[in-house]
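If you read the protein sequences in the order shown, they are chains R and G.
For the first sequence, my numbering assigns the number 1 to the initial residue and increments by one for each residue that follows.
For the second sequence, my numbering assigns the number 110 to the initial residue and increments by one for each residue that follows.
Don't read these hints as lab results, they were simulated from the structure.
Cβ coordinates follow ideal geometry from the N, Cα and C atoms, glycine included.
Hints are not guaranteed to be accurate.
Chain G side only, calculated, beta carbon under 8 Å to chain R, not exhaustive [said to hold, decoys possible]:
#	residue
1	H114
2	W116
3	G150
4	L155
5	I162
6	D194
7	E210
8	F212
9	F213
10	G214
11	Q215
12	G216
Derived pair list, reagent style EDC-like, types lysine to aspartate or glutamate, alpha-carbon separation capped at 16 Å [stated by the list, open to error]:
#	chain 1	residue 1	chain 2	residue 2
13	R	K96	G	E135
14	R	K96	G	E168
15	R	K108	R	E45
16	R	K96	G	D194
17	R	K108	R	D31
In case you want the letters, here they are:
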Amino acid sequence: DAKTTQPNSMESNEEEPVHLPCNHSTISGTDYIHWYRQLPSQGPEYVIHGLTSNVNNRMASLAIAEDRKSSTLILHRATLRDAAVYYCIPSNNFNKFYFGSGTKLNVKP
Amino acid sequence: SQTIHQWPATLVQPVGSPLSLECTVEGTSNPNLYWYRQAAGRGLQLLFYSVGIGQISSEVPQNLSASRPQDRQFILSSKKLLLSDSGFYLCAWSALLGGDEAFFGQGTRLTVV
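Using the sequences and the hints, build the whole thing.
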């Protein structure tokens with residue numbers, strides 16, 4: 001299983017963009033890159049996922065490096081409700097999701 | 110649309126008592142099903158994974174077991190709870206094909222006393 005490295009914590013100001021990095025240098029060619037977030041006392045929430053191309057949805061954008069060894073989750077305008085722990089997870093064809101320690105995002109008003 | 114139900118939301122059980130947590134999924138067929146545990150202040154640990162009825166993969170040795178008696182029902186059990194079984198238990202499902210996202214239930218907070 002691919003290992004991931006994420007900053008333990010990051011801080012952002014409200015209504016500013018946030019770039020959350022993830023290193024997954026051991027990812028295999030068929031692993032998708034998933035991002036989830038978890039608010040306190042809640043189950044994880046799906047944010048976005050992709051394979052090779054950059055992806056956009058209503059929540060965020062995902063920028064995947066050309067060599068696929070890293071990716072960046074982009075929140076275009078952080079809100080207080082975006083304060084959460086963000087997890088980057090490569091998943092294989094078996095769709096097993098192994099969560100690391102993630103990045104705790106703090107959003108300042 | 111698909112929904113996942115997990116109950117109860119909270120549970121306090123004495124050491125040595127049995128446990129049964131149930132999870133059901135609606136609106137999809139042949140899902141992958143998962144049980145996770147999150148100890149206080151820790152990350153999510155994958156406990157069990159199932160690709161079909163009666164097909165259970167255990168990810169870590171533990172005091173717990175899982176069963177899948179029906180396609181969209183996943184049960185987490187223990188014969189005798191330990192203090193170390195306390196935690197936040199989450200059920201999740203994903204489509205069978207690789208690459209699809211997982212959807213999580215609201216979780217059960219279990220306290221063993």
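For a quick check of understanding: which of the numbered hints are violated here, in increasing order? 1, 2, 3, 5, 6, 13, 15, 16 and 17
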